[in-house]
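J.: Chains as they are written, first to last, in full-length UniProt numbering: chain A, 1 to 342; chain B, 1 to 342; chain C, 1 to 342; chain D, 1 to 342.
Mixed in with the good hints there might be a few duds.
Straight-line alpha carbon distances no greater than 30 Å define the calculated DSSO-like cross-link-like pairs of lysine-lysine that follow [claimed, not checked]:
id	chain 1	residue 1	chain 2	residue 2
1	B	Lys21	D	Lys123
2	D	Lys315	B	Lys69
3	D	Lys321	D	Lys2
4	C	Lys321	A	Lys123
5	A	Lys317	A	Lys21
6	D	Lys2	B	Lys69
7	C	Lys2	A	Lys21
Just so you know, the hints here were simulated from the structure itself, not pulled from any lab data. Predicted model only: the values in this text are computed from it and were never measured.
4 protein chains.
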Amino acid sequence: MKAIVYDAPRSFSYRDVAEPKVEDDEVVIRVRACGLCGTDLHIHEGEFGPRFPLIPGHEFAGEIVEVGKAAGNWRAGDRVVANCNRACMECFYCRRGEQLRCENLVAYGIQMDGGFAEFMRIKARELFSVSGLPWREAVMVEPTACAVHGMDVLDVRPGADVLMFGAGPTGQVLAQLLKRNGAARLTVAAPAGPKLTLAERLSADRVVAVDRHHPEAHRAALRDISPNGFDYVVEATGAPEMCAEAVRQTRRGGTVLIYGVYPEPATFPVNPFDVFRNEITIKGSFAQIHDFGRALAYLETGQVKVDEIVTHEFKLKDWGKALEHSWQRQGIKSVIIPPGGS
Amino acid sequence: MKAIVYDAPRSFSYRDVAEPKVEDDEVVIRVRACGLCGTDLHIHEGEFGPRFPLIPGHEFAGEIVEVGKAAGNWRAGDRVVANCNRACMECFYCRRGEQLRCENLVAYGIQMDGGFAEFMRIKARELFSVSGLPWREAVMVEPTACAVHGMDVLDVRPGADVLMFGAGPTGQVLAQLLKRNGAARLTVAAPAGPKLTLAERLSADRVVAVDRHHPEAHRAALRDISPNGFDYVVEATGAPEMCAEAVRQTRRGGTVLIYGVYPEPATFPVNPFDVFRNEITIKGSFAQIHDFGRALAYLETGQVKVDEIVTHEFKLKDWGKALEHSWQRQGIKSVIIPPGGS
Amino acid sequence: MKAIVYDAPRSFSYRDVAEPKVEDDEVVIRVRACGLCGTDLHIHEGEFGPRFPLIPGHEFAGEIVEVGKAAGNWRAGDRVVANCNRACMECFYCRRGEQLRCENLVAYGIQMDGGFAEFMRIKARELFSVSGLPWREAVMVEPTACAVHGMDVLDVRPGADVLMFGAGPTGQVLAQLLKRNGAARLTVAAPAGPKLTLAERLSADRVVAVDRHHPEAHRAALRDISPNGFDYVVEATGAPEMCAEAVRQTRRGGTVLIYGVYPEPATFPVNPFDVFRNEITIKGSFAQIHDFGRALAYLETGQVKVDEIVTHEFKLKDWGKALEHSWQRQGIKSVIIPPGGS
Amino acid sequence: MKAIVYDAPRSFSYRDVAEPKVEDDEVVIRVRACGLCGTDLHIHEGEFGPRFPLIPGHEFAGEIVEVGKAAGNWRAGDRVVANCNRACMECFYCRRGEQLRCENLVAYGIQMDGGFAEFMRIKARELFSVSGLPWREAVMVEPTACAVHGMDVLDVRPGADVLMFGAGPTGQVLAQLLKRNGAARLTVAAPAGPKLTLAERLSADRVVAVDRHHPEAHRAALRDISPNGFDYVVEATGAPEMCAEAVRQTRRGGTVLIYGVYPEPATFPVNPFDVFRNEITIKGSFAQIHDFGRALAYLETGQVKVDEIVTHEFKLKDWGKALEHSWQRQGIKSVIIPPGGS
Ligand SMILES: NC(=O)c1ccc[n+]([C@@H]2O[C@H](COP(=O)([O-])OP(=O)(O)OC[C@H]3O[C@@H](n4cnc5c(N)ncnc54)[C@H](OP(=O)(O)O)[C@@H]3O)[C@@H](O)[C@H]2O)c1
Ligand SMILES: NC(=O)c1ccc[n+]([C@@H]2O[C@H](COP(=O)([O-])OP(=O)(O)OC[C@H]3O[C@@H](n4cnc5c(N)ncnc54)[C@H](OP(=O)(O)O)[C@@H]3O)[C@@H](O)[C@H]2O)c1
Ligand SMILES: NC(=O)c1ccc[n+]([C@@H]2O[C@H](COP(=O)([O-])OP(=O)(O)OC[C@H]3O[C@@H](n4cnc5c(N)ncnc54)[C@H](OP(=O)(O)O)[C@@H]3O)[C@@H](O)[C@H]2O)c1
Ligand SMILES: NC(=O)c1ccc[n+]([C@@H]2O[C@H](COP(=O)([O-])OP(=O)(O)OC[C@H]3O[C@@H](n4cnc5c(N)ncnc54)[C@H](OP(=O)(O)O)[C@@H]3O)[C@@H](O)[C@H]2O)c1
Ligand SMILES: [Zn+2]
Ligand SMILES: [Zn+2]
Ligand SMILES: [Zn+2]
Ligand SMILES: [Zn+2]
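Chain A on its own, in the form it takes in the complex (with noise of 0.2 Å):
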């Protein structure tokens, strides 16, 4: 079958490679679409602890074609997802319970085979239905899954100011679903463009323009919106800088949500007297490891709506001009479509 497999960081080509032979607990799936994400440019750069020769892709979605014995109830032809992580169940953290924090953590597309290929064997007890979505919907599940896991960290009370930070594919998403629960009123904050105008008309109450080299002017419309500030604000630019905006932005006994990924060596200045005296809390949400089942319900009632969040498709072959378009920050969110996909 066709992929595309990565021998070292940066080093990747398009060609055939043995296909994928299904073990009795799993299933063979043809993948019908693949989301390219922020986490496969830091694998493509060797980050994230890779496993090579790799077939990057854990955003995938695609329809069963071989069924291991004892696989369960799975048939060929059904449509599915899968959760991409992997905890070890026997390492200090999964045995008191706690697989997301896993030190032996694996997941498809970084240290097992992914979805930037036309197969690619799961087990069956990591297979979602998701019969109900279209192809380009159903490789949102898992970026979903990750936010719905942000909303459990975040734990906002009802009836909130919200402030995010951040318009992206991930943004758009933790921004409907901070909608859904608990931000009475939603402050988008983002870079002027058809991200932050997509946010308008999904799910913010209010839009504010950033201006990267001005802060002044966000500043200033976030406090004609919130005087003193909002009870939780979601860091989901990934820039550095924009942690400590988040912190400047966040009132009494409020809550800051580091969500994006940072360059690993890039720190912010935190101010400990403001987070003693305004009791503030600075909290971290990393992926997701059960989530997948509350994130389709999501989706697939339409609460949370991904349509227009991908806006761009490249097949298999031209994963080149797929990262090159990434890199560039055009569009929203790129899939990729192997060939016999969708």
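Put chains B, C and D with the ligands on the given structure of chain A with help from the hints.
T.: Just chains B, C and D with the ligands, lined up with the frame of chain A:
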């Protein structure tokens, strides 16, 4: 001024009483509308500890006509509602910051004169501006504030499967808040009729008709929707027998919210083995004391729609008719309009 | 090897059975001691879904005698206990991270052979080292782990007034944990006798004698201690009638923990008006699945003392006598010692 | 009466001032002892918004000498302390029930006259009886109440591994409370000396000496104790550089409590990638407003021992010497004794 005055349980008259005199930290408002709620029926019977003689009415909204010397920035003409509950700040509970549990709680319309009158006086610090709401919606701030407190108590986890019994005015507000606070899938179960139809239009993903005398029907329908029960079940009928029904519909690890007001001596049977084995939680939510601000946020932004909930208006002098109408379970919610009211 | 084998409810014999054979990811242990707990009495009656033929015993401790090829770093001679519950990782609950609520939960001593035998086999990933504990204390790791989970469920606010009904072995552990987890003032109420005396010595700030037939006495004593009730009330007798007593003793805003195992059909009456008006919470705590590590921390540091709880030892062959002794409510806790055991 | 009066920052004198006159809802107490705390050093510098002229002192304890007409059941001779913080009940935060976050918070000893005087007047509803505590322990109710609030904020999960930096008077109280609120294993890290020794005697399971200039030593020691860090890390030194150290010592999923009072402009660097990847939480705890009752429960039952924390006494007229003594970091905690005091 004209007012409805109770001299004893069930003994009321529409008569002239002295107009209230403003204290320094108070305002006097002309009442423009005042909701009739189930609590008023209890007060009619002398329940909930009323002080006689009493002008009832705790869901009032009106216009400021007089401002005390130390009443802050309020101005004549301001459109306002007010938090109806006042804690003593001295008892065991108040001193530990649990003012809703105050041993000496008093309320407008129960121990202090309320809104079934042309005028009433209110502490300035209890006021909230409703400049953006029509009077018929402004009377719904208080029940919405109670429901916001219910959301705090219920503390819904994001993406939950939620069931609510009851579709009265309170149920309508709760249902809309549930969809804004974690319920990815909301089922409302209540007797068939206009209330259930309104819930379907305003909030519920699914509705189920309840036949008071044949629970098998709604049980089967609920089993179809969620075979292993619901994460959260809200009891909002006020019928004790529905409390047991609520527990029965709860999934392992799930929570039942006892939100109704029940006949004081009634009980329902709970199976402690099930509570233990399935780790069920049963909780109660009582009124509110700090939640008007958040209720307003939901109402002003149209996220909680109450326009269609208020189905009937009665003149103040027709209080007796309004009572009759309520006892006969007609309409959804009635509003009392004093002379000069809206 | 010798073992107690049940072929059906109430039908057991002490007989020779084949020794267990180790699988790759397992070890075999020589059982040195195994606690007798209330659950074993239920299993004797065929309750809790036992698989027959069955060797019961889930509170086992022993020495490793054989190590599978893929059983990690364990060595023959290591002193161990093991988490007795195993989730399927495939059901609705497991897939959303709630493994304790697994629809297919199995346990050593219930669906898998347990510790009333000379040897048993155990998955390596379920083992915990008890190098620092005498055998009679090591059998208490499992009930302590359950009690730690109870603490998680109860989630005591710092500085609370806590009441517990019951002073059996489980109550003794709960009481010590309560003092380590938020109970500034702990009252234990149970029938007078050595159990209550032990609670007074080990943990309780106050003890109150309960007369099963005359609740007025303990009610008066509890009213003296805390006239408006307790923040948390733990029901640890297993008697359904004490559940209602627990609710009655709960302060506004308080929480009742239903910790006992009750006859399956029993119910107790709950007054929904009180639950609503006083915002009472009623919760259940069931077993545990991830909490051995924390139980060990409490036992190894002597913060939970169990030495005096284990009052009797029986030889494996005397299982019938141990049962009789339990039914007659003698002693506090009995331990079964297989041949070659401690 | 005699008092220490500040007319401006750093400008104080010991002089005669008029005795306070009781209002109806107040009492006057003869101050028997008043603790000197770090906050007083800030007030000396004019920080924390003091109103001048000011009698400082917020950790006062004394005997009632005069009772206002509406001051409830208090009697001359009653031994009391009082909650030193008062919220306005009118601002945004107060109206939503967050009185600790009041925009107009005032305190005895900061904006109202405090306890460095022979007499002071106090609202009756702010009083708490300390009939069972010696004066030197009664002055510790206020810092203990702050620490109880810290426990609320930290919200320790049962059975946790906890690390605290700092072993001053506040650290001593926090450490004892941590052992009573979830810390199965508590490590205290502070400069070697009598403070660390006292922590070892009163509360810590392990102590680690901190060398201010060589963090490698305590880092290695902490790694030995818990190689993957701690579930909770409490920063109680007030040194900004120790905040970063606290984050560094936090385990995946762990929480840092910023409990110190830091120089207002200081910052510490936070790595957002770590916060995200390890799901670290950073929180602040500020003072208290409703927690005297629970602090008393811990002190009266001897669960928090403060006798050895108070190491020095100074006469009121020797306030200058007491300040010097504090700046030189001598002793652990000093108490000021007015004429006629204990
Ligand atoms: N926590 C998790 O589990 C998780 C899961 C998925 C993704 N993530 C992370 O979440 C972040 C957002 O993901 P995404 O897919 O939405 O990313 P994205 O497509 O890169 O979008 C980022 C958004 O932030 C804006 N932005 C970027 N830098 C900014 C700056 N310096 N100042 C102001 N705005 C700035 C962008 O504006 P323009 O595009 O207009 O420049 C865009 O609106 C990323 O860091 C991603 O890695 C985290
Ligand atoms: N916790 C609080 O703070 C708070 C605040 C406000 C109200 N409440 C209480 O909340 C409850 C609901 O308030 P509401 O104003 O919505 O009341 P409502 O107008 O009486 O509505 C009750 C709803 O429950 C249904 N119902 C009544 N008895 C039933 C039974 N035996 N079986 C099935 N359905 C039944 C009614 O159906 P039909 O009308 O079609 O018969 C209606 O849909 C009341 O008990 C009220 O006192 C509580
Ligand atoms: N939730 C869980 O995960 C879990 C785990 C382990 C055990 N449990 C359950 O927890 C309960 C306590 O366990 P245990 O081992 O301590 O049991 P136990 O040895 O039977 O002790 C029960 C205690 O309650 C007292 N008691 C019994 N019936 C009473 C009544 N009607 N009124 C007042 N006091 C009464 C007993 O007094 P006398 O003995 O003096 O009569 C004794 O002090 C049991 O139901 C057990 O099955 C639950
Ligand atoms: N959040 C609140 O509500 C609240 C309430 C009360 C107090 N506080 C604050 O809590 C902090 C502790 O109070 P306290 O009364 O215990 O203060 P303290 O007497 O100054 O004690 C501070 C402790 O931290 C140690 N320490 C100081 N600087 C250090 C450094 N750079 N590295 C390592 N250790 C260092 C000190 O060691 P040596 O003394 O041996 O040098 C001492 O053990 C203060 O900042 C205080 O203002 C906060
Ligand atoms: Zn793991
Ligand atoms: Zn009160
Ligand atoms: Zn399962
Ligand atoms: Zn205030």
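J.: Could you run down the list of hints and mark each one as holding or not?
T.: Quick rundown of the hints versus the structure:
1. In summary, the hint linking Lys21 (chain B) to Lys123 (chain D) is supported, as the alpha carbons are separated by about 28 Å, within the 30 Å threshold.
2. With a CA separation close to 46 Å, the supplied pair Lys315 (chain D) and Lys69 (chain B) exceeds the 30 Å bound.
3. A distance of roughly 17 Å separates the Cα atoms of Lys321 (chain D) and Lys2 (chain D); the hinted pair therefore holds under the 30 Å criterion.
4. As the CA atoms of Lys321 (chain C) and Lys123 (chain A) are separated by approximately 49 Å, the hinted pair breaks the 30 Å bound.
5. For a cut-off of 30 Å, the pair hint linking Lys317 (chain A) to Lys21 (chain A) stands: about 23 Å separates their Cα positions.
6. Simply put, Lys2 (chain D) and Lys69 (chain B) have alpha-carbon atoms about 38 Å apart, too far for the 30 Å limit, and the pair is violated.
7. Distance check on the hinted pair: Lys2 (chain C) and Lys21 (chain A) sit about 46 Å apart at the alpha-carbon level, beyond 30 Å; violated.
The earlier numbered hints that this structure contradicts are 2, 4, 6, 7.
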